[in-house]
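With the hints as constraints, model all of the structure from the sequences given.
Residue-level listing of the chains:
2 protein chains.
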Amino acid sequence: MLKISKKADYALMALQHIALVQFGDVTPGRVVNTKEIAEEYNIPLELLAKVLQTLAKNGLIESHNGPKGGYLLARSTRQITIAQILEGIEGPLGITDCSHEKEGELCLQREHCNIRTPLLKVQDSIYQLLNNMTLQDMMGGTPLITIQSPSAQGVAQ
Amino acid sequence: MLKISKKADYALMALQHIALVQFGDVTPGRVVNTKEIAEEYNIPLELLAKVLQTLAKNGLIESHNGPKGGYLLARSTRQITIAQILEGIEGPLGITDCSHEKEGELCLQREHCNIRTPLLKVQDSIYQLLNNMTLQDMMGGTPLITIQSPSAQGVAQ
DNA sequence: CTTTAGTCCGACCTTATTGATCGGAGATCA
DNA sequence: TGATCTCCGATCAATAAGGTCGGACTAAAG
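The listed protein sequences correspond, in order, to chains G and F. Residue numbering for the first sequence follows numbering that gives the first Met the number 0, beginning at 0 and increasing consecutively. Residue numbering for the second sequence follows numbering that gives the first Met the number 0, beginning at 0 and increasing consecutively.
Be aware that one or more of the hints could be misleading.
To give a feel for the contact side, a few chain G residues facing chain F, derived at Cβ under 7 Å [unchecked claim]:
#1 M0
#2 V30
#3 N32
#4 L46
#5 L47
#6 T80
#7 Q83
#8 L85
#9 L92
#10 L107
Partner residues aside, some chain F positions facing chain G, computed with beta carbon under 10 Å [unchecked claim]:
#11 S4
#12 N41
#13 L44
#14 L46
#15 I81
#16 L85
#17 L118
#18 K120
Just so you know, the hints here were simulated from the structure itself, not pulled from any lab data. Small disclaimer: the values here were computed from a predicted structure and weren't measured. Don't be surprised by glycine CBs; every beta carbon is placed ideally from N, CA and C.
Dropping the structure here:
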């Protein structure tokens with residue numbers, strides 16, 4: 000239960016990979032293309048491409064067209080939170096259907112609903128959890144494999 | 000994203016209703032049948048029946064057969080946590096596919112996966128959140144929820 | 001200026017999960 | 001014994017998720 004989607008998983012992996020290449024590498028600033036990430040983590044290429052496009056549209060990464068093109072982080076690893084990434088892919092956090100209820104689609108239980116308020120508090124707590132954790136925090140002790148990086152400590156800016 | 004299912008919603012409503020009737024009412028100890036709950040909250044009868052059966056099988060409520068039958072809480076409202084209810088309906092908490100990976104179904108990304116460990120920390124935090132909140136908390140007062148950021152402290156693995 | 005490698009974008013299909021339904025068997029009490 | 005309830009398994013439809021395909025656009029290299 001409460002599972003996040005594969006797309007969101009892929010997004011997290013990809014962003015972490017881009018961050019590692021961009022900041023902890025021998026060639027900092029190098030752009031990363033979709034194929035490189037897809038092969039590294041065995042992610043279907045086409046699907047990953049869609050995920051990266053979505054992330055770019057949401058302003059988390061910036062795309063560079065043409066040959067030698069690819070993606071770069073749009074801002075530092077400390078300024079990208081897990082909540083931003085997940086919401087960019089899956090839409091706003093909402094543990095119940097009525098979390099973001101629009102006009103006219105009132106749930107049938109609402110009239111006597113007794114669990115809405117406490118659940119919204121739970122939801123808020125989960126959101127804080129996800130929004131307090133950044134990409135930087137995710138990069139702690141996991142070294143990158145393909146690229147030699149003895150001191151892969153994110154020196155974000 | 001991170002939505003809980005309708006069945007789980009129904010389970011929470013039903014349990015809270017049973018608790019209210021059983022403890023806060025003019026006729027304490029009265030059993031509650033499926034139809035009463037279904038009509039009160041506009042829940043499809045057959046579906047709610049299944050949900051209650053599942054809850055009974057998981058030991059959260061006890062069923063009484065025959066006419067004037069119905070359900071009662073199996074233990075006090077302080078001993079039933081939200082986590083127990085949700086897991087009883089939707090299965091164990093797992094924000095990623097690899098949270099409870101069985102033999103032979105290793106995920107393709109696992110080899111170079113760099114997000115598993117941090118995500119498991121997030122998952123653990125969410126679990127604590129849900130397991131620290133009881134049915135009692137959902138009923139009158141303001142639920143007390145404490146959040147812990149997994150990024151702040153390293154949970155040993 | 002043409003080619004080529006790459007991103008970009010939208011439509012599409014396929015499968016798994018969820019929400020909901022149906023039919024009957026077993027238990028209990030008037 | 002009949003009416004009323006829970007119990008249980010099988011089934012179906014709707015929706016979302018995962019994954020695919022084809023084509024348009026862009027920029028660097030020859």
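Here's how the hints hold up against the structure:
About 3 Å separates the beta-carbon of M0/G from the nearest beta-carbon of chain F, less than 7 Å, and the hint is met. Interface restraint check: V30/G against chain F, minimum CB-CB distance 19 Å, threshold 7 Å, status violated. This hint is violated: N32/G has a C-beta 17 Å from the nearest C-beta of chain F, more than the 7 Å allowed. Given hint, L46/G at the interface with chain F, is violated; its Cβ is 12 Å from that chain's nearest Cβ, farther than 7 Å.
For the restraint placing L47/G at the interface with chain F, the shortest Cβ-Cβ distance is roughly 11 Å, beyond the 7 Å limit, so the hint is violated. Interface restraint check for T80/G: the shortest CB-CB distance to chain F comes to about 10 Å, outside 7 Å, so the restraint is violated. Residue-level restraint check for Q83/G is violated (minimum Cβ-Cβ distance to chain F is 12 Å; threshold 7 Å). The interface hint given for L85/G is met, as the beta carbon of that residue sits about 6 Å from the closest beta carbon of chain F, less than 7 Å.
At about 6 Å, the closest approach between the beta carbon of L92/G and any beta carbon in chain F falls short of 7 Å, and the interface hint on this residue holds. The interface hint given for L107/G holds, since its Cβ lies 4 Å from the closest Cβ of chain F, which is under the 7 Å cut-off. Against a cut-off of 10 Å between C-beta atoms, the interface hint on S4/F holds, since the closest Cβ of chain G lies about 7 Å away. Using the Cβ-Cβ criterion of 10 Å, the hint placing N41/F at the interface with chain G is satisfied: the shortest such distance is roughly 4 Å.
Look at L44/F: its Cβ only gets to about 13 Å from chain G, farther than 10 Å, so that hint breaks. The interface hint given for L46/F is violated, since its Cβ lies 12 Å from the closest Cβ of chain G, which is over the 10 Å cut-off. Look at I81/F: its Cβ gets to within about 7 Å of chain G, closer than 10 Å, so that hint holds up. Taken as an interface hint, L85/F checks out: its beta carbon lies about 6 Å from the nearest beta carbon of chain G, inside 10 Å.
Given hint, L118/F at the interface with chain G, holds; its Cβ is 7 Å from that chain's nearest Cβ, closer than 10 Å. A hinted interface residue such as K120/F counts as satisfied when its beta carbon comes closer than 10 Å to some beta carbon of chain G; here the least separation is about 9 Å, so the hint holds.
Of the numbered hints listed earlier, those contradicted by the structure are 2, 3, 4, 5, 6, 7, 13, 14.
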